[in-house]
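Note that the protein sequences, when read in sequence, are chains A and B.
Counting along the first sequence from 1, when you hit position 31 you're at 31 in full-length UniProt numbering, and nothing is skipped either side.
Counting along the second sequence from 1, when you hit position 336 you're at 336 in full-length UniProt numbering, and nothing is skipped either side.
Since the hints were made in silico from the structure, they are not lab data.
Every residue, glycine too, gets a C-beta built ideally from N, C-alpha and C.
A couple of the hints might just be wrong.
Said to hold, decoys possible - Residues from chain A shown here face chain B by an in silico Cβ test under 10 Å; the list is partial: (1) Thr115; (2) Val206; (3) Asn254; (4) Pro260.
As the list claims (entries may be wrong) - According to the in silico footprint, chain B covers these stretches of chain A (three or more CB under 8 Å from chain B): (5) 64-78; (6) 138-148.
Said to hold, decoys possible - Derived, one-sided and incomplete: chain A residues facing chain B with beta-carbon distance under 7 Å: (7) Gly57; (8) Phe61; (9) Tyr82; (10) Ala151; (11) Leu155; (12) Thr194; (13) Ser198.
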Amino acid sequence: MTALAPSVPVHDDADPRAPRRRAPRRAAWLPTVVLLIGAIYCLLPVAWVLAASTKGGSSLFTSFTFAPGGDLPANLGDLSAYSGGIYWKWMLNTLLYAGVGGLLSALVSGLSGYTLAKYRFAGRSVIFNVLLAGVLVPGVTLAIPQYLLLAEVGLTDTYWAVLLPNILSPYGIYLARIYAAAAVPDTVLEAARTDGASEGRIFGRVALPMMLPGLVTVFLFQFVAIWNNFLLPFVMLSDDDKFPVTVGLFTLLNQGQTVPALYSVVIVGVLISILPLIALFLTLQRYWRLDLVSGSVKG
Amino acid sequence: MKAKLLAVVLAAALCAACTSDPGDDGQGAPPGGKVELSFWSWAPNIDKTVDAWNAGHPDIHVTLSKQAGGGDIVTKLLTAAKAGNPPDLAQVEYQSLPTLVSNDVLADIAREAAPVKDKFADGVWQQVTLGTDAVYAIPQDSGPMMLYYRTDEFARLGLSVPKTWDEFARTARAVRQKAPKKYLTTFSANDPGWFTGLAQQAGAAWWGIDGETWKVSVNDAATRKVADYWGGLVAEGAVDKQPMYTPAWNKALNDGTLIAWPSAIWAPGVLAGNAPATKGKWAMAPMPQWTAGENRTGSWGGSSTGVTAASKNKAAAVKFAAWMNADPAATDLLISQSAIYPAARAAQSSPLLAQPPAFFAGQKDFYPSAKAIAETASGFVWGPNVNVAYDTYKDAFGKAITGRTPFAGAVDTMQAATVADMQKNGFKVAS
């Protein structure tokens with residue numbers, strides 16, 4: 001890549017009539033190279049997972065890193081057979097936590113963001129500032145207090161233990177507020193009020209559709225965050241039937257000194273666990289971009 | 001169109017909710033009059049043993065929950081006990097028992113466990129009584145230490161199996177000389193249990209209790225001797241200093257960069273899983289000794305089944321724990337399915353152990369010699385904060401390796417941190 005850079009000025013000297021037209025083209029190399037390096041940096045680990053998932057236990061540590069092996073079916077078989085196919089149960093659990101958690105979180109965020117953006121009420125700025133502070137508090141620090149609180153009401157080791165703490169997302173509310181302020185014009189709301197619509201109806205029928213692209217973003221963020229979350233379910237759950245895939249794979253990897261870690265099984269498990277995320281991004285990304293455009297037309 | 005797509009995605013997510021929720025609730029419902037027990041364990045395939053119990057005991061149903069191993073389960077038990085919902089039974093490594101006992105997590109089951117006491121060797125039983133009249137767990141497996149080495153590499157390099165630690169050091173230097181890319185073994189700053197086993201062999205006694213007063217001597221003469229010995233080998237480059245249980249370590253075992261491993265009875269399973277390329281190339285020998293002609297070893301690993309103080313069905317729980325660890329039907333399943341070397345004496349003579357492990361097919365007398373070595377394991381009293389001593393080990397030895405400082409200093413750091421933590425938590429510590 002470095003060999004390419006000097007060749008461009010040489011061309012420039014040979015053709016002095018069009019330096020202006022060449023200048024932006026030469027500049028365009030740098031972003032391309034930087035982005036390419038960035039893409040390689042991000043995709044290399046994925047390529048590693050892809051290659052490693054096709055290797056059996058012995059070739060995993062001995063063969064060339066990116067050389068594929070022929071053990072993918074065997075690894076998949078081991079994964080499905082492990083403890084009676086519990087891996088697929090973990091995948092379903094993760095889908096449940098991330099899907100329902102993300103959906104509820106998007107709804108709650110939409111409602112709160114809309115309220116904060118469009119209504120004037122006592123304590124509004126205090127609530128918003130507290131939420132902003134909440135954005136700064138990492139979720140990791142809250143896991144243990146949340147565990148002790150949920151234990152008080154006997155909800156630990158249930159699906160609710162992982163769902164409830166994920167529903168309220170300060171960042172989601174913050175995003176929804178910004179989006180509501182920008183995408184829902186006050187004039188539309190006033191027109192709806194003049195027509196005699198109730199506040200609930202205005203939110204449901206007028207504001208919510210306008211905010212939908214923003215809420216999809218919130219849903220996506222929250223979905224990915226829950227999908228990848230480890231500490232909260234690790235602390236909350238003890239029944240391996242309720243584990244999400246992150247915690248489940250961790251137990252496979254960390255079985256103490258006396259038991260070998262199941263590397264090849266875990267790697268193929270990781271590979272499968274990222275496929276739904278990729279699929280979700282590819283489908284929702286299209287939807288999301290289209291609606292940002294239509295949103296701007298409406299606004 | 002767009003709304004439809006969203007609806008499909010959300011419906012899919014919701015559907016996952018409806019299919020997985022009720023199925024789970026149905027499992028938890030106990031039929032009338034049956035005792036329900038929950039059991040946390042990390043042993044592989046232990047569900048087979050639990051299934052066997054459930055099939056034969058319709059009145060006591062055990063629900064297994066697989067957990068992450070070793071230290072993680074202790075942290076989870078402490079949190080769960082604090083929140084008031086620990087399981088009825090849990091697999092606990094011997095060194096973690098005092099931590100759990102001093103936090104009132106485990107129950108004293110001396111009365112219920114009395115019938116199985118004589119099924120275990122005294123040294124093993126002592127580990128679950130903590131030297132008192134109480135009994136806090138039923139022993140499950142033990143981990144006497146032995147030396148594993150690559151027979152093919154030893155033959156190729158013209159090495160003989162070291163019988164003393166002096167010979168071990170000479171062998172380590174010879175390996176470096178004859179094959180500069182290879183090491184005899186590695187010193188791991190990541191595995192405090194391993195180092196503790198080595199110290200036990202040298203006669204270390206880190207904790208002792210006299211009435212209400214603890215005596216702590218993590219930096220006693222025996223431990224310093226072991227630390228100085230390994231520190232010297234690391235400093236002169238005679239042994240490697242990479243941690244164990246990492247992908248890099250697996251690679252080194254697989255490709256023959258590391259050709260020996262002072263480990264414990266369960267090593268064949270680990271080697272089979274982490275270094276499958278070396279099948280049939282290993283052999284086991286007794287640990288090198290500090291004095292020629294001596295016959296001692298330490299223990300690394302080994303766990304027990306404890307009953308929690310919060311359990312409402314302690315008698316039933318002990319019944320299950322005793323069956324699992326002493327009944328031949330159960331211990332045979334533990335041996336064949338979970339690769340556990342049982343602590344119960346009778347189980348060690350199981351016909352399943354007549355053959356060597358598949359990975360060591362060439363060494364016909366593997367288990368008979370292992371049993372002889374197990375008899376020579378030193379006893380050890382664990383203190384109430386092994387976790388602190390262990391965490392400090394990782395820290396202090398890691399620093400000593402990167403900073404090239406003497407290992408004895410790291411042992412002193414362990415002692416200071418252990419004593420300070422015990423005093424902070426209200427234990428009386430003799431100075």
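Evaluated hints:
no. : hint    : verdict
1   : Thr115  : 23 Å, violated
2   : Val206  : 15 Å, violated
3   : Asn254  : 4 Å, holds
4   : Pro260  : 2 Å, holds
5   : 64-78   : violated (count 0)
6   : 138-148 : holds (count 3)
7   : Gly57   : 5 Å, holds
8   : Phe61   : 4 Å, holds
9   : Tyr82   : 9 Å, violated
10  : Ala151  : 3 Å, holds
11  : Leu155  : 10 Å, violated
12  : Thr194  : 27 Å, violated
13  : Ser198  : 23 Å, violated
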